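Chemist: Note that the protein sequences, when read in sequence, are chains A and B. Take the first sequence: its letters are residues 62 to 507, numbered as in the working numbering. Take the second sequence: its letters are residues 3 to 347, numbered as in the working numbering.
Note that these hints are calculated values from the structure, not bench results. Any given hint could be a false lead.
As the list claims (entries may be wrong) - The calculated lysine-lysine pairs, modelled on BS3-like cross-linking and capped at a C-alpha distance of 27 Å, are:
| id | chain 1 | residue 1 | chain 2 | residue 2 |
| --- | --- | --- | --- | --- |
| 1 | A | K258 | B | K261 |
| 2 | B | K123 | A | K225 |
| 3 | B | K90 | B | K304 |
| 4 | A | K468 | B | K261 |
| 5 | B | K71 | B | K347 |
| 6 | B | K261 | A | K225 |
| 7 | B | K244 | A | K468 |
| 8 | B | K146 | B | K215 |
| 9 | A | K156 | B | K294 |
| 10 | A | K468 | B | K146 |
| 11 | B | K123 | B | K263 |
| 12 | B | K244 | B | K123 |
| 13 | B | K72 | A | K468 |
| 14 | B | K90 | A | K468 |
| 15 | B | K90 | B | K71 |
| 16 | B | K225 | A | K468 |
| 17 | B | K261 | A | K237 |
| 18 | A | K468 | B | K123 |
| 19 | A | K168 | A | K181 |
| 20 | B | K123 | A | K237 |
| 21 | B | K244 | A | K237 |
| 22 | B | K178 | B | K94 |
| 23 | B | K263 | A | K225 |
| 24 | B | K263 | A | K237 |
| 25 | B | K263 | A | K468 |
| 26 | B | K72 | B | K105 |
| 27 | A | K181 | A | K253 |
| 28 | A | K468 | B | K71 |
| 29 | B | K294 | B | K105 |
| 30 | B | K90 | B | K72 |
| 31 | B | K215 | A | K468 |
| 32 | B | K304 | A | K149 |
All values reported here derive from a predicted model rather than from experimental measurement.
What follows is each chain in one-letter form.
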Amino acid sequence: MTDTSLAPASSTPGSRSRSLLELDPHTKKRNAAEARFRVYGIVAIGIGLFFLVALLYSILSNGLTAFYQTSVTLEVPLVQTEIDAAEKSVVKTSKYRDMIAAVLVQKMEQAGVATSMKSKELLQILSAGAPGTLRDHVLSHPEQIGTTATFDFLASSRVDGYLKGRVTRAALAEDKNLSAAHLDIIDQLVEKGIVEKGFNWNFIFGSDASDSRPEQAGIGVSMIGSLFMMLVVLVLSLPIGVAASIYLEEFAPKNRWTDLIEVNISNLAAVPSIVFGILGLSAFIQFAHLPQSAPLVGGLVLTLMTLPTIIISTRASLKSVPPSIRDAALGIGASKMQSVFHHVLPLAMPGILTGTIIGLAQALGETAPLLLIGMVGFIASEFPDGVFDGFLAPNSAMPAQIYEWAKRADPAFYERAWGGIIILLVFLMIMNIVAIILRRRFERRW
Amino acid sequence: MKFKTLVSVAALAAAATAVAGSAQARDQIQVAGSSTVLPYASIVAEAFGENTDFPTPVVESGGSSAGLKKFCEGVGENTIDVANASRKIKDKEIAACAEAGVKDIIEVRIGYDGIVFASQKDGPAFTAFTPSDWFNALGAKVLKDGQLVDNPNATWADANGELPAVEISAFIPGTKHGTREVFEEKVLKAGCEETGALKAMVDGGMSEKDAEKACMAVRTDGKSVDIDGDYTETLARIDANKNGVGVFGLAFYENNTDKLKVATMSGVTPSTATIASGEYPVSRPLYFYVKKAHIGVIPGLKEYAQFFVSDELAGSEGPLAQYGLVSDPELAATQAAVEAEETLK
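Here chain A stands alone, though its shape is the one from the complex:
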């Protein structure tokens, strides 16, 4: 009533006749603010996407070449007397090397590739691991002695780099491991089909190799190490984390003590992971005398790191179960424990599993604590024999192996480090996709 009488006095005469479709200055301002905000949001996402694409591009462009490897096909006659002589010497592989050298020289003559190089120099196109490959084959296939076996020996890292475009003739000017003359030979051998690039299964399933033969290094053993560590983390942190959160959320009285515990759990989630490494070193290795570099110890350390994440996500998903479910269960005569385990926990399970998988993914990519418990170096060189060894024998983990490769001098290891990142990312992506699927399919909303 007062409005009608006040309206003509307070507003301009035209305001009454203004259409709803015509915006007043205040609305315009609000709309502009909203439009600006949307632009900010899009720009923010754009920047994020740009960096994601740049990151993926650099990872893929540097790492994809690690999945291809150059090899040299040679037919080596396995002669009983030569093998006996080799097995008697101190450094047995050096005799096997001579056998390979003879075959290589012969093969080149057959192929019509002329060279003035001595056989020792010529051998630089092959991996230093070739004699070991030959010897392993002879020892595991004694029945083939007396016949001629065909081998795909790995080419040396520089030959491999040449075929991948990483090494050029100019770059070899001062290199003592390979010369431009070798590359001329390689060009001819490639033409004859003796030197070929193939998919590098050894990179995915093989073991680490020393600095002198990067072409032989693979991430397989450290993948096994990561697997055993994740088993330890899962088996320990899931029950402990879930039990702790059920107690805290459903049973514990709300008092100063539980508040204190709650604050500390949140604090622990923010503690830098290296701190857990120091703790693991002193508690598990120096005090409990668990073996060094063992995946078990790595798993225990990562468990400590993952627990807070799991507890926090479990409590959140328990909290999101509506109280009416609990009340209904209690109302029909269930005990507190029955109401929790029969009704609340099953409903909270998808959330708990999602939290656990995300916690595991975080643990899988963690390197810092592993540095302190001796998992970086030349560790992942042999596959563990059996499950028991898998937990206790020294091993590395994927991120630790990547870190180690990135440190090594030969640029071929650098390529492998990027390749390792691709494999690690694939694992992380699978885990995160599983977490999303679990959440989408099983989560109930109220």
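Using the hints provided, position chain B relative to the given structure of chain A.
Modeler: Structure of chain B alone, referenced to chain A:
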């Protein structure tokens, strides 16, 4: 149902931990220490696993000091067997070892490591250095017109007229590296003496010891950058900075000759030959230390030590020399000492 699974999972976990507590006898040699020795030790470990019936030894990195500290933790399967070091063990460390029960230590010198000075392949012509150049470029206090002053040199040409006139930007190993010690000792201190700064300091009333310390102090105005990471980090810095000059190990340089150009030191080009003959001034011996008490307990330990210093590996034609180790001219004496299990002192 769910509860039962949880309980059984927890029981399994407890069992796993209990099993681990009673760790079985270790049959794998464990080595830790210097990251400079790591490549050589891993080449040997790989060949050892390949050529013998023993499992491949495990070689951890972490630095000489950390390795020796671990080595001196005590005797027993839970401690490491071999420590790699890019410097000699200190008396303090020997005492710490003895206190923990590690009394008999076998010292094995495997060869020498050269330290080289390199810059971007296509960068300015840093081709010849002397210790004096480095001291004049990096020293905290240098001699200028007969006066000791805070380092005023902004370009390498200020330090030595024959060097390129580009801004000084040097990447040197951080203080936690064993390489830094050698750099200070053989380059900065030598340069300090050559330029006469040491004499000026002593004349100025400093004690000999303080003056030497002052000689090894590096300027802190950002022209010299400490690299605490590995040589790969130094390489990345040089890659990004045309005028950068870095300190590398010989083996690292030889693996990256496509990106780096090495400079001579006092007119000598670094190579395994010039280092072995002692002509090239900046080098240091590399060692590994073996716990004698573990020989006979850990299978293959003595064989590993013998294998390491055998002519086939550590000799001048072996894979270690191929990778960049300067083989020891007195290798035969080392082999005999390992054979006899000669301990320190």
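Chemist: K263(B) and K237(A) were given as a pair; does the straight-line alpha-carbon distance stay at or below 27 Å?
Modeler: holds (14 Å)
Chemist: Regarding the pair K263(B) and K225(A), is the alpha-carbon distance no greater than 27 Å?
Modeler: holds (24 Å)
Chemist: What's the verdict on K468(A) and K123(B), does the C-alpha distance respect the 27 Å limit or exceed it?
Modeler: holds (21 Å)
Chemist: Measure nothing beyond the straight line between the CA atoms of K178(B) and K94(B); if it is 27 Å or shorter, mark the hint as holding.
Modeler: Holds, at roughly 17 Å.
Chemist: Just to be careful, I want the Cα atoms of K294(B) and K105(B) compared with a cutoff of 27 Å; is the pair within it?
Modeler: holds (8 Å)
Chemist: Given the hinted pair K123(B) and K263(B), is their Cα-Cα distance within 27 Å?
Modeler: Holds, because 5 Å separates the two Cα atoms, which is no more than 27 Å.
Chemist: What's the verdict on K468(A) and K261(B), does the C-alpha distance respect the 27 Å limit or exceed it?
Modeler: holds (16 Å)
Chemist: Holds or violated: are the alpha carbons of K71(B) and K347(B) at most 27 Å from each other?
Modeler: holds (19 Å)
Chemist: Please verify whether K146(B) and K215(B) have alpha carbons no more than 27 Å apart.
Modeler: holds (19 Å)
Chemist: Does the alpha-carbon distance linking K258(A) and K261(B) stay inside the 27 Å limit?
Modeler: Roughly 25 Å separates the two Cα atoms, so the pair holds.
Chemist: Within 27 Å, alpha carbon to alpha carbon, are K168(A) and K181(A)?
Modeler: holds (15 Å)
Chemist: Given the hint that K215(B) pairs with K468(A), does the C-alpha gap stay at or below 27 Å?
Modeler: Measuring from Cα to Cα gives roughly 32 Å; hence the hint is violated.
Hint check: violations occur at hints 9, 10 and 31; the rest are consistent with the structure.
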